[in-house]
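Chain A is already provided as a structure; the job is to place chains B, C and D on it using the hints.
In case you want the letters, here they are:
Number of protein chains: 4
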Amino acid sequence: MIIIMERNATKVNIQKVLDLLTDNGFKVRCTEGEIHTVIDAIGDKNTVSPGRIAALEGVKEIKVIREPYRLASRDGQDEDTVISFPNGVKIGGNNKPVVMAGPCSVEEDFEGLLKVAVAAKEAGCQFLRGGAFKPRTSPYDFQGFGEKALRYLKKASEETGLLTVSEVMDASDLDMMCDYVDVLQIGARNVQNFKLLHAVGRCNKPVILKRGLASTIREFLLAAEHILYHGNKNVILCERGIRSFDSAFTRNVMDIASIPVIKKYSHLPIIIDPSHGTGQRYLIEPLAKAGLVVGADGIMIEVHHDPENALSDGKQSLPIPMFKEVMERLNRFSNRLHYEKQYLSADV
Amino acid sequence: MIIIMERNATKVNIQKVLDLLTDNGFKVRCTEGEIHTVIDAIGDKNTVSPGRIAALEGVKEIKVIREPYRLASRDGQDEDTVISFPNGVKIGGNNKPVVMAGPCSVEEDFEGLLKVAVAAKEAGCQFLRGGAFKPRTSPYDFQGFGEKALRYLKKASEETGLLTVSEVMDASDLDMMCDYVDVLQIGARNVQNFKLLHAVGRCNKPVILKRGLASTIREFLLAAEHILYHGNKNVILCERGIRSFDSAFTRNVMDIASIPVIKKYSHLPIIIDPSHGTGQRYLIEPLAKAGLVVGADGIMIEVHHDPENALSDGKQSLPIPMFKEVMERLNRFSNRLHYEKQYLSADV
Amino acid sequence: MIIIMERNATKVNIQKVLDLLTDNGFKVRCTEGEIHTVIDAIGDKNTVSPGRIAALEGVKEIKVIREPYRLASRDGQDEDTVISFPNGVKIGGNNKPVVMAGPCSVEEDFEGLLKVAVAAKEAGCQFLRGGAFKPRTSPYDFQGFGEKALRYLKKASEETGLLTVSEVMDASDLDMMCDYVDVLQIGARNVQNFKLLHAVGRCNKPVILKRGLASTIREFLLAAEHILYHGNKNVILCERGIRSFDSAFTRNVMDIASIPVIKKYSHLPIIIDPSHGTGQRYLIEPLAKAGLVVGADGIMIEVHHDPENALSDGKQSLPIPMFKEVMERLNRFSNRLHYEKQYLSADV
Amino acid sequence: MIIIMERNATKVNIQKVLDLLTDNGFKVRCTEGEIHTVIDAIGDKNTVSPGRIAALEGVKEIKVIREPYRLASRDGQDEDTVISFPNGVKIGGNNKPVVMAGPCSVEEDFEGLLKVAVAAKEAGCQFLRGGAFKPRTSPYDFQGFGEKALRYLKKASEETGLLTVSEVMDASDLDMMCDYVDVLQIGARNVQNFKLLHAVGRCNKPVILKRGLASTIREFLLAAEHILYHGNKNVILCERGIRSFDSAFTRNVMDIASIPVIKKYSHLPIIIDPSHGTGQRYLIEPLAKAGLVVGADGIMIEVHHDPENALSDGKQSLPIPMFKEVMERLNRFSNRLHYEKQYLSADV
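Residue numbers (our numbering), protein chains in the order written: chain A, 1 to 348; chain B, 1 to 348; chain C, 1 to 348; chain D, 1 to 348.
Okay, chain A solo, but in the shape it has when bound (with noise of 0.2 Å):
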């Protein structure tokens, strides 16, 4: 690392630095510029750490040199993580992008789910999406159907031969769920739930791990490193959009370039949810192109066989229809990145 010390430090200051880190077996050096005294450091943080340097009298600012996600960069793994599941669909790498599809909650009537499911089966996806736990911003809001969601959820990937994924809010439904599910999900707001990333992360399914509203890239694959650090490695990123100062249009902005950046960095697959990144029905096939064109690994979409009816997140819904023609554009648009990504060595 390097520490940067404030003009007016005085050599007390200086050495306190110097003897910390030498005292902890740091190589050290230190440089006097016309204005700021500069120490390089190098040696293992986990002995003495950025934030105790910081502490110290005089020290203005610590400039770390590598990324702290460890597991989860290239650095330590340079190809990229795949996912498989036992059916033979395969997330991450050069496999072709995965859809997952489904309501934003799993509701009362199983009926409508299954034809969800079954139109989503038909348009070629992978994966059935359904809610049975509500993050919901107001209690007065339906928090969800809870178990029997799940079951329902199961029911109709047993009919459809879709997998399945779901939102865990608590740790203490973990071994319930994945009894149900094939992929847990942590929503955006519990991206720094450390004692969930840390049960998820103890637990042998895959994890799609949303960004947070304001999750830096750095936090995000953070996240992701405390659910590695735990033992699974099956994590898959999903870009759903962040805050920003305009909500007049779009809920959130969605983040495009973060796909090539943490394709760069980082071995994990990520996918992109447009349906949260916008909050729009008609931002979903456009936006979930883009995601495709940059790299992305797979796309969610919410679907709703009665998007007017439904208890949650109905504006940016597809209704079925729409959803078919949408899946039609969609796989069109994704056969011919992936065929020109695979046999024409074209970059896309």
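For the record, the hints were derived by calculation from the structure and aren't laboratory data.
Bear in mind the structure is a predicted one, so any value in this text is a computation, not a measurement.
Heads up, the beta-carbon is just placed ideally off N, CA and C, and yes, glycines get one too.
Here are some chain B residues pointing at chain C (derived, C-beta under 7 Å): (1) 2; (2) 4; (3) 7; (4) 36; (5) 65; (6) 243.
Chains B, C and D only, in chain A's frame:
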């Protein structure tokens, strides 16, 4: 609520909105403007939620008139909530602002903690704060000493008479924590961990709820609403800075204006945390005063007996001698503000 | 507009609002809700502006129904604006997306500029871009070669047949600039330099207006409105990234969704600038494609004959050989999208 | 500066960086870390700018050690800049904070303006502020009365002895404005209108520079640097709120902490504008006090003789009677702070 239709909404689109509303007992009134049709609807949003209307074809935007936090709002309770502790300490209303001081994390060295506690007591603080479970962005950072830390905290409290505050990160720790601490804290990263909000809502301990890095004031009050709704009326809000585009000089931007805003619309007490809000030792005193002058009901300050060796947040912790000086000036400042407010009925 | 009164607004407060509105010819309707009184008012906002109502005692909030950009909006003109150049190039509507390429700044070396121009022409670009006046955050950075740069630009244009684009920073340079360039550019930092917007509004050259770092979509369209209002109908919007809380990996966050949003609400053409939007060479191609796939009418790309010695923005400039490869793929991609849009009437 | 190379940078990449630096007289030192190679370079950034290094292949990131605002920084001038006016008023250093009051825009009614000016004078203010040229987001809003407004302002100043402040929007108005006003103001939207900064930099009038909605502290100081660099040393900074993700209750978020931060790193005086910072009448007094308590050198307040009929910003303007009460309390508060700072050498 007010529903604004798209420019090209059809008569059928409009009729569908009107029907849904009237079928559910809303009184509606429809106005055709030059460009947009606007529908006013008065009724019970629990029967038709705004989100459900939003999902109808041709709806551009919905404007909800009444703030959605009913229990947190002065609409339902005009007088300030005052939280009273058995030892006579009170937070909120016309009571003198309280001070909560202590280390970021409780560490191995009980004597160090006790030194801080004694200094806090002598300086007139009412609460000893200290983390037992630490939410850390990186899995490689110190995560807290858990129950042992709570035992230390309680012991320091018994020796000094200070009340105690510590963060709860998981609902499963709640019963255990209630045995040790007087006030539970929900951290900024858990502000929308709804399972946890519901759990502390069913508790009978006062709760400090920290504003999330990206919480709007509305979302912050709705997070409080989740706790209130589940039965716990003793919620203390805490402004601790929000995320902005600039973190070169301060960790966060303290939204000082949020304090008088929240005081206007909610009856809940609100305190400020300039240590986390700024991340810089030299900014704690001025920002604490700024918080007091705009009406905060308390201050939370990080103090450490040896910040240069603190396991977390040393940079923003005051060492004990500096803390004593700061407290002397803060007490003088706070006393004078309180005196004027009480006896001169001057506006603060 | 809709006026929402404070909970504790008095009858006198309410009457005053009603009187002001009716005195100015508004039709009003007043609804007393459980908590808030709401007033609907239809009339000419030029006689009583929302801001004037907002200043009345007891007014909580005003919701304006009609978007305030009348000339930029599809409300007034449904068909796409198409901008045509004497040489037959067209921007907007169903025309094939254009490409504008060139160095950030035009530098001393004319041969270098010509190399870029020739490469751009050969790659099928229609415009040569290059800065003569450079807005620079620091006064110590290179500020552009001024008129000399414009002469070079014109000369390169004459030799290649490319149209030219350059940024105008001050109204007093306008006449001079119009002698040299085909399209004027207003930079992101001048998006609310209203004097400059008015001046280019009185010009008969097409104008590229870049979105400000912190412009909402509404403000962006209102900035365009200033130009349109002063008489210049040939405005080309440009999405170039907005400021967010994360600038570790990209300079800005490209708001890709803003393109289909703006296309829905405005008839003006919109292009994207992935060079400034990301600040990273490796992100230009993927983000350019993402822009095209969501409907952008053009792309602006920084190219330099020797980026390692560029006087500005070298990091985000493509060297000529890489530019050629990128353009080959972009052309293929763009042609296919255009073909489908034109002949297969597929939604893009 | 410190150059961090990409993980996969080649020896050739590294050598090229070293060569460019040494060829330009930099002293360099290269350290191979486990993952990244890091190069320290000491030398004159005017010969090789960081941007030029950044453009080299394999460079990941550059960390500049010395803050780039040399004239604005305490590195070059440790003592506070104090700006003195012929009538003895002083801004900055240990002088008592000044107050600038007046309407957002100067309007047709001179008597109204005079009423405000007299009230301001009686309340102990030193400056009368009022807009002649108004930057307005919409072209349909009132744009100011121009030179006529300046004549009114001067006349009101002559009758009361107040100094005057008004915003300059265009360099071409500068000479004319200098005939009328004592202090020029650069608005938030023009904070990076460099042509205008350069023009006021060549002026001999003091300049108030408002922080932009999305200016980092570094960019804000660099904007000041543009003025200082062109020769005008009398720059007064003004914190007026920044854009955040929440504008439901306040127009902007006032970054109160920026005041002590800027005081630490720059010698320039800084004032606050709680009227624009919050956009709410009821927040002006508390935020003004918050600004004073953290060390602001002055306050700017909008006052109108008839806010309900103001042509701009009525919502955030104080009516005269309320202004008098607020000023009485602000004066008492400010006097006490100043007294303590001067005579008790208490830290404020």
